[in-house]
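Protein sequence lines, in the order shown, are assigned to chains A and B. Each residue of the first sequence is one higher than the one before, starting from 30 at the first, in the numbering used here. Each residue of the second sequence is one higher than the one before, starting from 97 at the first, in the numbering used here.
Please note: incorrect hints may appear among the correct ones.
Lysine to any residue pairs mimicking SDA-like chemistry, simulated, CA-CA at most 20 Å apart [to be verified]: (1) K94/A - S169/B; (2) K107/A - K112/B; (3) K112/B - Y131/A; (4) K59/A - S121/B; (5) K112/B - D135/A; (6) K253/B - A64/A; (7) K134/A - K215/B; (8) K103/A - Y164/B; (9) K419/B - K108/A; (10) K72/A - S251/B; (11) K100/A - K417/B; (12) K417/B - L104/A; (13) K108/A - N212/B; (14) K100/A - P116/B; (15) K215/B - E90/A; (16) K94/A - K419/B; (17) K112/B - L98/A; (18) K140/A - E115/A; (19) K94/A - H113/B; (20) K112/B - P151/A; (21) K419/B - D135/A; (22) K140/A - E163/A; (23) K253/B - K103/A; (24) K144/A - G416/B; (25) K144/A - T170/B; (26) K72/A - K453/B; (27) K147/A - S169/B; (28) K112/B - E96/A; (29) K105/A - K112/B; (30) K419/B - T58/A; (31) K94/A - Y164/B.
Derived coverage of chain A by chain B (criterion: at least 3 residues anywhere in the stretch with Cβ under 8 Å from a Cβ of chain B; other residues may be distant) [what the hints assert, rightly or not]: (32) 62 to 76; (33) 162 to 173.
Read the hints as simulated data drawn from the structure, not as lab findings. None of these values were measured; they are calculated from a predicted model. Using N, Cα and C, we set each Cβ at its ideal position, and we do this for glycine too.
These are the residues of each chain, in order.
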Amino acid sequence: MNAHKIIVLLATLLIALTGFGQQKPKQKTKEEIEALRVAYITKKLSLTTAEAQAFWPLYNEYTQKREDLRKEHKLKMKKYKESVDEMTDADAQAYIEAEMAYRQKDLDLQKDFYKKLKAVLPAKKIVLLAKAEEDFKKLILEGLSGDKPGGK
Amino acid sequence: MSFAGISGDSSGSGEKHRPPRHYFSATIYSNYYYTPRRALGNNKLGLTSYQFTQSSTGFYVPLITRDYHRSDSTVLPNLSILLVGNYQASTPVFGGLQSEHRLTKTTVGFRFFYNNGKKNIWFVNIGPLFTQDSRSRFDPVKHSTFLLVFNRTESEKFSWRLGFTKTFIFGNKFHLPVIGLRFGRLDGTYFSIQFPRNMSINFPMGRQFSGSVYWKPMGGLYDFANVDSIKTSLDTTLLYNGRDSIVQFGRSEFIVGANITWSPSRFFSCFVSSGLTMANHISFASYQNNPNKFKTLKPFYFQSVRSSYFINAGITIRFGKVKKVYNNYTMYDMMDLNNTFDPGDNNDNIGNSDIPKPGDMNTIRKIQYKDVEDLLEIEDIY
């Protein structure tokens, strides 16, 4: 291996490490939290192989759609948040309607998801899923309040 | 009632949110393979030694992704079409030849994945290979490879594959069946046999590292300019004393090695591996004497080469957001198919670092409010 090739290889590696090796911390933590939520639900639901094979694609699709809806909504509402005190009545009305529309869409997604879930999971596991999602949020909130889960 | 917009992320750019469209990231990868110089035994060409190095750079770009599910269905079939390409530069150095030959192989092609949304995946890869030798100005010679694989994911811990491939990785033209078995989770520890590509045991080593012990063939068939004069005890001749201006150089070895991959994020991974090469051989075959494009070549020269160590290192960089596939075992197999069968028919190591890693509870201890504000509603606090 000649010196030229080694230098090219090391330079490429270095550029790649500095440029692409580190995600934005926030993005990375979000992905880890997402993975953590999936691991938590996996543990709580004790899905059979057949159930898991049908459930996870549906769950991924559902959470992806909710996330996209939420992000889109936040971008849409951004224009209001910096001037709440100066809002006109018309702006406030538009704001409330957009908020309601978002919530209706979110509810529709949830309804659609639970309708599909009924076909692949017993009712008890659907309730367990809802509980697992709530419990996971509590875990996160406990983590934020300094009462770290899992001990120190 | 709460107004999520008011309590929203003030760092938002105001641009329209663009949800991810594909299951695969646009990916580039590059790797380098090195074997040292070895003496050759007595041979009719008078070659005294052999060394081989190669570097390979390739890419995948998702072009089309279609989800075919109906709103009232619980099955989510999907189709992915990828544009793929690879450029490989190989340098076999022979003691006894006047010049160094730099053999290049370029491919651009398409691959198609169809996942029926349950357990089955169909995978097709098509694309011509163009080979050339820098030592001569002949036009690139076109060859073709082909791959068809059916994958069935029986469970998260077991899948099998059957298919057919035309490949050059054994240093010759072969039409072979594809037979694959995997035991264990792709995001955990698993054992995999994927004939004719590899056999490996793979295991995670913490959150960012993974390791494997593997066996696989490395090789290829290249066009080689017939321009060197060789001095034998009787005469001075060309490498091949026929009418061919180009001959076909084949090389093959089986490598047994250990690999460590570092994946600090979904967007980047690099690996280094080393081990031993075994059953090495090189060959030269004439085009004139092998006119049938579909038949395995009969070489005019075939030489076994001593075993040696090898070093293989590389990087993979992925771009962009992708759709979520957590615990979707069939999709994990789709990604593994994409990574096992590299576009250049080089048996390059690309790695499965695009398969999401399982969650680690310790992460909760590091969470800050800004990390999760998007995930929480104000009602969650009550």
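Structure-based check of all given hints:
no.	hint	result
1	K94/A - S169/B	holds, 16 Å
2	K107/A - K112/B	holds, 11 Å
3	K112/B - Y131/A	holds, 16 Å
4	K59/A - S121/B	holds, 18 Å
5	K112/B - D135/A	holds, 19 Å
6	K253/B - A64/A	holds, 19 Å
7	K134/A - K215/B	violated, 31 Å
8	K103/A - Y164/B	violated, 29 Å
9	K419/B - K108/A	violated, 28 Å
10	K72/A - S251/B	holds, 17 Å
11	K100/A - K417/B	holds, 14 Å
12	K417/B - L104/A	holds, 18 Å
13	K108/A - N212/B	violated, 43 Å
14	K100/A - P116/B	holds, 12 Å
15	K215/B - E90/A	holds, 17 Å
16	K94/A - K419/B	holds, 10 Å
17	K112/B - L98/A	holds, 12 Å
18	K140/A - E115/A	violated, 37 Å
19	K94/A - H113/B	holds, 12 Å
20	K112/B - P151/A	violated, 39 Å
21	K419/B - D135/A	holds, 19 Å
22	K140/A - E163/A	holds, 17 Å
23	K253/B - K103/A	violated, 40 Å
24	K144/A - G416/B	violated, 32 Å
25	K144/A - T170/B	holds, 9 Å
26	K72/A - K453/B	holds, 15 Å
27	K147/A - S169/B	holds, 11 Å
28	K112/B - E96/A	holds, 14 Å
29	K105/A - K112/B	holds, 8 Å
30	K419/B - T58/A	holds, 17 Å
31	K94/A - Y164/B	holds, 16 Å
32	62 to 76	holds (count 9)
33	162 to 173	holds (count 6)
This entry does not satisfy hints 7, 8, 9, 13, 18, 20, 23, 24, going by the numbered hints stated previously.
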